[in-house]
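**Student:** One line per chain: the protein sequences are A and B, in this order.
Residues in the first sequence are numbered from 1 upward in steps of one, following our numbering.
Residues in the second sequence are numbered from 1 upward in steps of one, following our numbering.
Check each hint, because a few of them may be wrong.
[What the hints assert, rightly or not] Capping the alpha-carbon separation at 25 Å, the derived lysine-lysine pairs in PhoX-like fashion look like this:
hint : chain 1 : residue 1 : chain 2 : residue 2
1    : B       : K372      : B       : K402
2    : A       : K402      : B       : K372
3    : A       : K402      : B       : K402
4    : A       : K402      : A       : K372
5    : B       : K30       : B       : K402
6    : B       : K402      : A       : K372
7    : A       : K372      : A       : K30
Simulated from the structure, these hints should not be mistaken for lab results.
Quantities reported herein were computed from a predicted structural model and do not represent experimental measurements.
Protein chains: 2
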Amino acid sequence: MAVNLEAPRAEDLLTISGVRLGIARAGIRKPNRKDLLVVALEDGARVAGVFTRNRFCAAPVVLCREHLAGKEPIRAIVVNTGVANAGTGEQGLEDARAVCAAVARLFDAPASSVLPLSTGVIMEPLPVERIARGLPECFSDLAPDHWASAAEAIMTTDTVAKAVSRQAVIDGRTVTVTGIAKGAGMIEPNMATMLAVIATDANVGQDALRYLVREAADASFNAITVDGDTSTNDTLLLVATGHAAHAQIVGEGTAEFGQLAQAVTEVARILAQAIVRDGEGATKFITITVDEGETREECARVAKAIANSPLVKTAFFASDPNLGRILAAIGNAGIADLDASRVGVRLGDVTVVEEGGRAAAYTEADGQRVMKPAEIAVRVTLGRGDESASVWTCDFSYDYVKINADYRS
Amino acid sequence: MAVNLEAPRAEDLLTISGVRLGIARAGIRKPNRKDLLVVALEDGARVAGVFTRNRFCAAPVVLCREHLAGKEPIRAIVVNTGVANAGTGEQGLEDARAVCAAVARLFDAPASSVLPLSTGVIMEPLPVERIARGLPECFSDLAPDHWASAAEAIMTTDTVAKAVSRQAVIDGRTVTVTGIAKGAGMIEPNMATMLAVIATDANVGQDALRYLVREAADASFNAITVDGDTSTNDTLLLVATGHAAHAQIVGEGTAEFGQLAQAVTEVARILAQAIVRDGEGATKFITITVDEGETREECARVAKAIANSPLVKTAFFASDPNLGRILAAIGNAGIADLDASRVGVRLGDVTVVEEGGRAAAYTEADGQRVMKPAEIAVRVTLGRGDESASVWTCDFSYDYVKINADYRS
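The shape of chain A in the complex, shown without the other chains (with noise of 0.2 Å):
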């Protein structure tokens, strides 16, 4: 069912000089099936990270906070799939210390060199003891060129997997920059959440690590949208392991922080379609753009407003350009100031508002026209700034409705 997307090829994932991967079968919840995956750091990586805002957060995301915000250096990243280790409490945050520590015994660090990551069912406890026995395997399974073995590991209801590589020339030397993603809702507290891991070799100051991270995630992670929700779990970490011979890059400000930051934005950007173009019941590909906004902030507000609403949503699964849909949801964003006479909105290369009504050239046979294919572009003009925001996001069919409502039973 997914939109234009097709699963990474091992050989077209780039290995990042310092950093192995390793996976097993644990069993966590269902034989037979990757389901553990080990990412571990050679001394001298840094990490940072972006977490999900919901209060609801899980045990694990708890534990990614404390042990970044701590002194000891990250060693290795752990992550499961089945259980997702969230409202469980003090007893989940005493098992996701302990799967840390399990994971910590095999590098001889402490615990705390061990950021989790959990995704699956919620409100289950964690089976420490599997995930424990299932270590091993991932310990000895370490190397470098696991990438598209990872990305399988880490999938819940995604039907694809998902990851990329894409390099970058920074002070004459190539960068490379490889990340893994799995979504599938955005989220879906039986058996998903979004997971990515994205890392590099470019050598960066913790600093600019962690601007960078932010920035990624608000032009990639953060502009996503399959159906409104966030989830308990949501992670992104980012890993550079400094092994690039380049000059550090330690300010937001330089040449070479763009550079980096284009290469990592892109990966993420890239992860982050794949996560909607594997929606749930996704049959449709959506870009919405809105430009002429006050604020960046007010712009995306827009765009989320439209992708986000179950009318639209159903009508880009209909193929049915229901321009009222759009119009409702843009005056629905809650700008209370717009003026919807400048409002001007394009479906594709055809204007069909302008000046906040039926654009005067505007067929329905045009509209039929660009509302057929699998990517559609939406392009809102509000007529009062220079901002612009895009989001991306799915359309809304019965096989949404068939996947959340049967799943559990």
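Since chain A is already given, all that's left is putting chain B on it; use the hints.
**Tutor:** For chain B alone, kept in the frame of chain A given last:
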């Protein structure tokens, strides 16, 4: 498909002294169907209204606001279905004015004494000629006991007409309140919108009436959600003819105001709930109550976050006690300092979450039992204050997608 909702019987609807209703088949969009309603008000009636906050508000909403703010007493309300006269710019305003003028001629009154309401396809011109030709039929049909017929005349994709009456005793006199409404989706710009007209023979001052309509709306139409959208045309009008022989109610703090407010709010709530029961594709009617909040507003925010989550709504459709989705929606409601470990959730008579985690005594069998019925109560406790709010919603079914995807094809 409507959930526990029956059409009102004409004999159960009480007349309001000073109000007459006339219906016509004007062929506005489809032939031979009631599609035009005129409500005639005797001299001395007062009217107050609450309108959509959508920035793309329709021409009739603009005129209603204008005429209510003017000096002229309101003599008539005219409601057409078929065409919403929204997204129609200057021409739309001229068309709505022309309809008001045509109605006003029948009453020998100025156009500004008429309030126009429209619902139907948006971005299409209002067929003023057809409406004007239908008006004499409405005029000759005017009678105090045509409430049931009026409720039918304003239906679009509603499957059941919505009308109800209540009485109160104020100052020793019986006062009557009768209302009609139409809904379907909260928004459905092709053929819907929320419209309601409630009339009472109570004697109420203009300021108290304005206060009353807002209070009643907050506890009814503003507390329902089918799909989180707000239409371009949403309108609630409250008419008070003053024919009841009690002393005029002028202050909102009085016992008499409270008695009237209770009856009006009950009528408004029954109509609002009827809109949810008849929501597009609805198979369940869900009451979400949030207690122990710091403010009423944050309680309503949490309730709406649950009510509008597509994942929660599909779980209700599947009768799946999917606690994780409810918790995630609560955590997602934007209360930055919510202490998740104090949150509790009950489904019907079953405690499912306590202290932010699965309740010790909870069993999946209990959860499934309470999710089965067509009416489900969700009660959330936030553990941070004394305020409460309730919201009513319906589930998200295959038919929601079907109705909204197939609609124009």
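**Student:** Run through the hints listed earlier and report the numbers of any the structure violates, in increasing order.
**Tutor:** 7
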